[in-house]
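Asks: For the sequence shown, my numbering begins at 254 and goes up steadily by one.
Calculated from the structure, these hints are not laboratory results. Fair warning: this is a prediction, and the values are worked out from it, not measured in the lab. Nothing false has been slipped in among the hints.
Straight line, CA to CA, 25 Å or less: simulated DMTMM-like cross-link-like pairs of lysine to aspartate or glutamate:
id: 1; residue 1: Lys676; residue 2: Asp556
id: 2; residue 1: Lys493; residue 2: Asp448
id: 3; residue 1: Lys403; residue 2: Asp380
id: 4; residue 1: Lys1075; residue 2: Glu1052
id: 5; residue 1: Lys856; residue 2: Asp509
id: 6; residue 1: Lys676; residue 2: Asp840
id: 7; residue 1: Lys1068; residue 2: Glu818
id: 8; residue 1: Lys338; residue 2: Glu313
id: 9; residue 1: Lys668; residue 2: Asp840
id: 10; residue 1: Lys338; residue 2: Asp447
id: 11; residue 1: Lys606; residue 2: Glu673
id: 12; residue 1: Lys338; residue 2: Asp380
id: 13; residue 1: Lys420; residue 2: Glu313
id: 14; residue 1: Lys668; residue 2: Asp557
id: 15; residue 1: Lys606; residue 2: Asp556
id: 16; residue 1: Lys1010; residue 2: Glu270
id: 17; residue 1: Lys676; residue 2: Glu950
id: 18; residue 1: Lys338; residue 2: Asp284
id: 19; residue 1: Lys668; residue 2: Asp609
id: 20; residue 1: Lys856; residue 2: Asp937
id: 21; residue 1: Lys394; residue 2: Asp380
id: 22; residue 1: Lys1014; residue 2: Glu870
id: 23; residue 1: Lys403; residue 2: Asp464
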Amino acid sequence: MFYGDGRGRIPDSDIRELKEVVWVGLNCSLDLLPANAWDYVNRYSYHTHTVAINQEGWFENMEYAHRPDWEQHDRSFRAWIPVLKGGSEDGKDLWYMNRLLNSRRVVPNPQDKWIIPNPLRDSIIADLRLAETVVAGIVSKAPFFGRIPKPQPFYYDSLHNARETQKEACVLLASAVRCMLEHLGFIFWRTSTDDDWSKDQTHYIIRAVGDFNLGRFGKRGVLLHLVRDWKEMNIPVLLKNEVPVLYPWTLHERVDLRFACLAPSVLAAYQERRRVIGDSDFTDFVTTSDSFLAVNRYSLFLDDPVEPINTERRNVVIPRKSPKVIKDFPHWTVRPVTNKKWVAYYRNHFQFKIMDGVTIFWRFRPLPDEESGSADATPRPSKEFDDEDRIEAIDRIREVYKGGYAPRPGQVFDKETGKELRKPFRGNDCFIQFHEHMSSKIPSAPSRFSSGPGEKAPLRSRPPSSRARSASPEPNSSRMIPPRPRSPTQIPVTGAISAPNRVRLEAWVNHAKGLVLKEAYRAIPEGYYWDELLMNNAYLVLPTTEARVKLRVVACVKGLTDVRELLNEVLLRGIFHRLAIPLRVMDLFAERELSMAERVLGKSIYEVGAEPDPPLEYGRGGPTFATAYHVRLRRVLGLPHARGLVARGGICSWLVWAYEPRLVDAYMSGPSIQTTRFVRGWSDTETESPAYIWADEVSEREIDGLLGHVLDPSGNVDRWVWPPDSLLREFCNRYDGEMSAVVDNILQVVLKEVNNKDTLKARSRTQWYQFFRKGNRAAGSPGSELAQLPAADRDARYEDEEERMDRLFADRWEKLPVLDVKLPGRIE
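Take these sequences, add in the hints, and give me the full structure.
Replies: Structural data, given as structure tokens:
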């Protein structure tokens, strides 16, 4: 099915190739596209370390107050942020619409500090309070909006505080503009998508909305990643309301037929037809082209055809007291039926089934005798009902409820019951909210990437994910391997230690505690937790002596009693390890049925004889090389087995935390399709006593691409955009195999260079030595004594400690089932 604009025709499109990526703009020109949009496609680059602010207070990269930004599950109303219409001056004098010249609106006070003067400050406070009141009034009259995030209120007291510099004052003013625009975007969205929004509203709220006069403005627009966002995006509503829609067209979209209606070739063909013969109904256009028949296979929202199920309803009695829910779309979860009067209506129009005492209606399965014969329109009952009576069209249903019932990225719901089969990637909850970071001196919510002093969140495991190929949430018991007798919630802990052994243990800890940092410099983000299925079946592999020593020392120094705490320390400190699963349980970890794009990409990557990516070429360096490296960086981090970089530790895991922290969450959920479907990666089959276990593995060629390893034009000197672990150990006297806050600060300097194409450089061995020489002399914590030793001496020290460990502990943590790891260990 093709999409139509507000006039029912296929919208105008702009198609261009920009920076080696094909982009499509609907309802707009691609001139709206931010210059570095593709660099932020996953939005994880919005971490606080990478936010750069110019002198006017605006973000240098992806300023969402000015131009379209990527769709966010909990901020979809930002697409409706008002902007000045092209060529129109109406509204330009408003303080929140004049967004560029903040430096002219802040002034110095007699104390040589910078303030927002009156009457501008009073206008800001008055308008913000009015906008917040309107949003609160709209939400209070729309109960179904309870699960939809709303704009955050502004911290008004900050407007009265003077700032040390002009830039800080501009940052404060810009944050107020963003907050105001978010509230107006929410109001614009709500009033545009529901003609009955004013029902039961107070005259004060209705008058306030009229005073804002949002109809004179255009909309900011949104960037869509079709593969990621299609299960919740609502293109029909966006196009009908003239919201600019922009999206990239890559291999992922090209090989998936569900996106055929959005293909640049199809849109270009229609543009040509329109140019030659003028406007025509797009349904006529479809019937004249056999090549577009595949488009009609999918629904308005790109869902696959749903096979009806046999549900006998003539004599089915729906229990009066049983819960009633409705599933609006195949990939959504269920929502409660809030009005009992709708039960009879749903029964006569949609298929339903009673499962486990719950009556489930399927809106996407209309009854065959229904005159409409489609789920794209919901007929209106003759009686007047309450909230749901306002929602007639399926696109309005989708718009109202997507915030509460559509899946988040990575989340999967059962198509029949709506039960959660897979947890979402919680990295989305860790994006910074820009208005909370307007200034280091303005109070803001604590980052979820760090814990407050003394705080320790309760440790828990994620529920076992259903990865079976069947749609049923219950796995086939005949195929399951019997679980071990111990649950990860009851990890065995070493019992009481005798007094002599305790003395021996304390003596060893005092001797070895200098080998590790006392505390990790970062914390596991909220919502990241270990999958129980992984904990029940995984083997812990520590390939190096250093890893075995460090991990045992950490367990003793911190007094860990839960193996998940131990694994958290592994991730946070960047210690090389592997979590491998036996071949016999591979099917339990298999993902859902792979899409066509995943099968094509998987075959091209993992098939025997597949050609690896060619090495990077340095050439003359500069922006050309920078662009090539950024493309390779995205390529490596986008590989299915990229989560294996987390296990590599060191600089590899640091880059994961800096660019794609969602890979940490993916790693904690289990191996990728490299292991589960294609049985590639690392295996112990060639060792002396194999356990036939497998784990994701990133090749050396891929790591070279990640680190930007190249040869200079002479072909004799190696260069790296990022220092490999070997150079870090040799030249940085603050790095001894563990990432620390000091090393992080040093690498942040490199990160700032790499993110700017004009400053990105590949350094030779000599240049990295000079770079770290400055860092070694910089102020900070003293260098590690162990890090300053030659490599041979460090290795000897770890070997000596492992010998002491072997004399003290009766167990070795080497290729051991996770559930058999006892903390701190059995002492002989």
